[in-house]
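Given chain A's structure and the hints, the job is docking chains B and C onto it.
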Amino acid sequence: MVEKLTSRFPERALLLVSLLVYAFLYAPIFVLMLFSFNSTKSTQIWEGFSLRWYGELVHDPEVLHAFYNSMIVGVVSTIISTVIGTFAALALARYRFRGKSVADSTIYAATVMPEIVVGVSLLAFFVSVGFHLGLTTIIIAHVAFSISFVTIVVRARLAGMDRSLEEAAMDLGATPRTTFLRVTLPQIMPGVLAGALLAFSLSFEDFVITFFVAGVGSSTLPLLIYSMIKRGVSPVINALSTVMLAATVVALLAVGGFLFRREEH
Amino acid sequence: MTGKRISRRSFLRLSGAGALAGLGVAATGCTVNTTAQQGESKGGGSKNQLNLYNWTDYIAPSNIKDFEKKTGARVVQDFYTSNEEMLAKLQAGGTGYDIIVPSDYMVQIMAKSKLLEELDHSRIPNFKNIGKDFRSLPFDPGNRHSIPWQWGTTGIFYNRRKVGKKIESWDAMWDPGFKGKIAMLDDARELIAAALEHLGYSINTKDKSKLEEAKQLLIKQKPLLKGYFADTDSDQMVAKGDLLLAQNYSGNAMLYIFKNRDLEYVIPGPSSDRWTDNMCIPKGAPHLDLAYEFINFMLSPEQGAALTNYTMYGTPNHAAIPLVKKKIRQVPWWNPPESVMKRLQVMQDVGEATRLYERIFTEVKSA
Amino acid sequence: MDEKGRWSRGLVALLFPAGFWLGVFFVVPLLFILVYSFGESGIYGGITITFHPSNYLRVFDPLYLDILVRSVVIAALNTLFCLILGYPLAYLICFKARRWKTLLILLVMIPFWTNLLVRTYAWMVILGGNGVASHLLEFLGITRGPVDFLFTPQAVMMGMVYGYLPFMILPLYASLEKLDVRLKEAAQDLGANRWRTFWRVTFPLSIPGVLAGSILVFVPSVGEFVIPDLLGGSRTVLIGNLIQQQFLNARNWAFGSALAMTLSALMLAAIIAYIRKVGADKLEGI
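Chains as they are written, first to last, in the working numbering: chain A, 1 to 265; chain B, 266 to 632; chain C, 633 to 918.
What the hints contain is simulated information worked out from the structure, not anything from laboratory work. All C-beta atoms, glycine included, are put in the ideal place defined by N, C-alpha and C.
Mimicking DSS-like on lysine-lysine, the simulated pairs with C-alpha atoms at most 25 angstroms apart in a straight line are:
1. B/K487 <-> B/K475
2. A/K41 <-> B/K590
3. B/K427 <-> B/K524
4. B/K591 <-> B/K397
5. B/K330 <-> B/K591
6. B/K444 <-> B/K480
7. A/K41 <-> B/K524
8. B/K379 <-> B/K471
9. B/K487 <-> B/K473
10. B/K330 <-> A/K41
11. A/K41 <-> B/K505
12. B/K607 <-> B/K475
13. B/K471 <-> B/K607
14. B/K431 <-> B/K505
15. B/K591 <-> A/K41
16. B/K471 <-> B/K377
17. A/K100 <-> C/K909
18. A/K41 <-> B/K592
With the Cβ distance kept under 10 angstroms, some of the chain A side facing chain B (calculated, not the full set):
19. I45
20. S121
21. L123
22. S128
23. G217
24. G232
Isolated chain A, as found in the complex (with noise of 0.2 angstroms):
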């Protein structure tokens, strides 16, 4: 009975320490919300409620090219290094070989380099090989430093993992390819999920890398955004992340409302 009582603190302060982590994670973005129907270019003054910064939004193509652009990069690139670093943890995960260290270490290497000097090195060797530069070597060099992240997450998931369950599955006849797709899979699936999550994160906010290998025209959003701080950063931005959290939040519930009914089953 005292148990009962005293174990409710610690479930409680659990609960406290995470709602304030989401409040702590979503402060700005209200705020950016709130921005993006400030009357006014600015981002920082409150001047008045307007809708003219999506008005603008749907009638810039510079800004939906932009998004546009990094849309696809981020889905590619996304896809591409989830796969690659997926297996890539499998191997180091579970085999010990010969120069296994050097490629450990190749992997830490990605994610230790400055963006600077990945990218100006990245661009000197597409140059050097005659490589042209456009969306393709883009979403290359977004695969080249998320394979690392996905893999290290990936590893974490790995480790320790209960092999019994593929292991019996192969016991009863399943070909090495089922077991995989039907058992490994879906255990190993939020630690994919999660790589994959990092991995479309850092390509669709990367700006130094890409500014360097982007090729003529082919913008991404942050290269644009960046780029305007030159002449500040007009709240059109605010309009078009707000545009895409509430599309983001919607199809979340849709898809959520349509497995949570699954699961039931």
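Relative to the frame of chain A, chains B and C by itself:
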């Protein structure tokens, strides 16, 4: 032990697919253009296209529309946020641009780094519209590599009412009375220039003892500052009231003075600096003819005026001045008289001393 | 798996894509950088390879060592705070929110799909002298009069933690999520209270996640300079600033490369030491 059994064949197939995808992406880079180019040269784009590499919001939409109408060509714009970034990209081999817009000292550096085309003035008849104050500036005698685009000054942007008096010199930025409400620019050359100007020296000096003096002055100043900011941050802060004084540019001040009569800009004594951004053609520009057409086009009075009316910076185009909006022309420091122009220094490349300037910047900020 | 450590076909297949991609698009460009670091950069472009380690010797200048130490300390503090804030959240999502797990994790990430600059400007509104935080504190009676948090070391730390929290939460989530709840139940059945269960059962099993999260936060944040510049008024120079400056403003690719290589070597050594200390087996799935 079990690892072996799971991995072999299934993964071979799946990872083969992954590797192929990787190779495929790499291969497409060599052939397919994913951007708006089908072109002749590397990064060129279609034959009727002008690739402009510029600062953001530094050309009026009407300029672009008029040029496109006149020539039938398409203008593609990419942006950079600093001279040095643009230089690094071009030096590392990033080609494909027809027109770039470097600042004064950067023109010198790029010319010495052999990155710029030498200009054929016979193709730029409208050069006659450039005022004498902007021809053959120290960083490009004879305008062999650059044509002035817009210009401005660096000075002090401040709240006259809150400060309580009219500011005339750089003294104000070292005044303990304003502690915590002063901002300087987060730029090595401009920061050190302010100190050198305050001391009455040249902003292009390579003299180590003078630079040491400037450094000590800046270290003394640091506790009085709120911080080192980009021009587009400190101007907002002055407007908001978070700062009293900020080292800033004339064009930025223009954005605020009409709305708030308390805000003022001054070109402080004993001297200050004026900067000029310029049109240049990088070596290997894919559309040379269009580039020359563009330069000549922008030098016409109408286009020059349209540009300035949009950016509100100073124009080097004498013929354009009468067509500039009256409220801009009336601002005393927008087109300063000869007496003021005389005490404006032009920033130039300092060669090897650049690294000394950068080290001083690091030392001041680490103090 | 081969006991002798030989390469089996399956291993090759798994490792090849990453090996190829990183090999071609990371290691090869890195070789450029390594070569540059043994050269001298001309002030007008061009680099002469001298094979002299002079650039590396320059790294030991007290000014630069100071900068390096400062960057490492900030990164370490960042990692610590991210762990303190991130662990409870990851724990809650994994153990107390069965069905909503995925949704909650996605909710953690969504703020980071807005741009850093836009988010930071929003923070400036909150933290400024006339901002939300100041008003809130006044309202709650904690302070009297406006408080400006901006451009203080506290603001910088807060901004860093904000930027890197997902890099801690996601690996923790990945690792904690697979924890078999029955292990906890077993411990409690055997008489352990919640605290002991956590320290003796849950936490040790989450070490791979803690390890991964620490690395993914610490390592990149050593090179971070954008957030400290924006929220700190650019009052300090960190190693990220320095390297950027050498490549761009000082046009000294040679020295910049040496700095970058030194930083990477140091970080790698730190990672390896850290992993050895915690136990390399914690990373293995075997």
